[in-house]
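Student: Sequence lines, in order, name chains A and B. Each residue of the first sequence is one higher than the one before, starting from 1 at the first, in UniProt numbering. Each residue of the second sequence is one higher than the one before, starting from 1 at the first, in UniProt numbering.
Derived by calculation from the structure, the hints in this document are not laboratory data. This structure is a prediction, so every number in the text was calculated from the model and none was measured. Mixed in with the good hints there might be a few duds.
Within a straight-line C-alpha distance of at most 27 Å, the following computed DSS-like cross-link-like pairs (lysine-lysine) qualify [as the list claims (entries may be wrong)]: (1) 118/A - 118/B; (2) 37/A - 93/A; (3) 185/A - 177/B; (4) 118/B - 30/A.
2 protein chains.
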Amino acid sequence: MKNILLTIAYDGTNYNGWQRQHNGIGIQEKIEEACYKIFRQNLKVIGASRTDTGVHALGQRGLIHVDTNIPVDRIPYALNSVLPEDIVIRDAKEVPEDFHPRYSAIKKTYHYRILNEKFQIPQYRNISAFISSDLDIHAMNEAAQHFVGTHDFAAFCSAGSSVKTTIRTIYEASVQKQSPFITFKVAGNGFLYNMVRIMAGTLIEIGIGKKEPSDIKDIILSKNRNLAGKTAPPQGLTLIEINYEI
Amino acid sequence: MKNILLTIAYDGTNYNGWQRQHNGIGIQEKIEEACYKIFRQNLKVIGASRTDTGVHALGQRGLIHVDTNIPVDRIPYALNSVLPEDIVIRDAKEVPEDFHPRYSAIKKTYHYRILNEKFQIPQYRNISAFISSDLDIHAMNEAAQHFVGTHDFAAFCSAGSSVKTTIRTIYEASVQKQSPFITFKVAGNGFLYNMVRIMAGTLIEIGIGKKEPSDIKDIILSKNRNLAGKTAPPQGLTLIEINYEI
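Isolated chain A, as found in the complex (with noise of 0.2 Å):
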């Protein structure tokens, strides 16, 4: 028996989010079929990060436990012939058998793309959120820098979740353009439930004048949900890496 680790690609504009929670299909469900596929044995893919439906990943991680010949290097190809195509395994490694990939996990990467522009261009508006009213990308970067350190984010959770501490460190954020999207990008030791997609709302709103950039300080204080903005359009957000220390 291995422990393998898969880092994992997917659009998630067809699924019902990483881990199926009412109709639909999810991500996980369908590499757990085509491990079935491929290792003829029913595996549970246990997942890094619970993405909701709509969002994309470059770099979730997915552990199985699994007995195989396979050489490791080759399980990519081996998923990706059985896989449909909005999902592609990028990577496989043997990693300790105490290795958890939520538990283990040191950093998270995630970047939230806005398309601003007068009219919306079709061709991307699976992946980015749509705003027509101009934004003011100075101040939302500003604003960014607010979330970065260890604060109590409570005000950027939705309901729903039942977490020990809404307690998470920010490593780095910023809102730059990056031809045609704007571009949040923001790296922390966790999030919370909705914590990236209410972030990137309440930016939206500094970006269009209804908030100011230090209006995120108060808001992280209040430790109150209804005074940060709007939970953003899930398309907008691409979950870029997760890290461990091994």
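For this one, chain A is given, so just place chain B on it according to the hints.
Tutor: Structure of chain B alone, referenced to chain A:
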């Protein structure tokens, strides 16, 4: 009656090109249906460029001759309210009676996007061509310079088109990294059938090392389609802009 020039963006993934050729639905047809809903007239939309199945546009142009009281600047909003989400009218303006969207064009700009990674990134699969072999961007850019100028591009034209002349003028051509893509940008006074995709396919062969940058000169002189590279896949191509003197 007014002559209205529309600027049109679309995601070509789910259409059988601008103009329906065989089965399936053309983008032109969808805009004509939207025009009927808004203007209650059976209009013909005369397109500037016949993009193929899967090819995208940011700046396609279409001309309609219409009797309407809707202010010209409101026409995009009216049409967008009844168009599917993968087609967007970005602008409308009145043009003279003798204006023709194809014959009056003085410059067209296309971008061809390549995703050059070991594995496909699913969220980009419909807006780029995927190449897993390492590409030499410098060699590709050097090769692209040989396209610039007035040449007989018969070697870069698919069979099945009937044009008076295969001579075209290319104003600019470059290949550059535009993360996450490698982008071939080309502007000219006009393009032959599949010309940009054959140029892109030839540049890819140069990037892989199957051809040399200087081969472009000989391929142009040969006027032989068989010496150029394969027609690169449609999803990498976007019609960016069409310019007129007015």
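Student: Next, verify each hint and record whether it holds.
Tutor: A quick look at each hint next to the structure:
Distance check on the hinted pair: residue 118/A and residue 118/B sit about 36 Å apart at the alpha-carbon level, beyond 27 Å; violated. Simply put, residue 37/A and residue 93/A have alpha-carbon atoms about 20 Å apart, close enough for the 27 Å limit, and the pair holds. For the hint pairing residue 185/A with residue 177/B, the CA-to-CA distance comes to about 20 Å; that is within 27 Å, so the pair holds. Annotation: proposed proximity of residue 118/B to residue 30/A holds, straight-line Cα distance about 22 Å (limit 27 Å).
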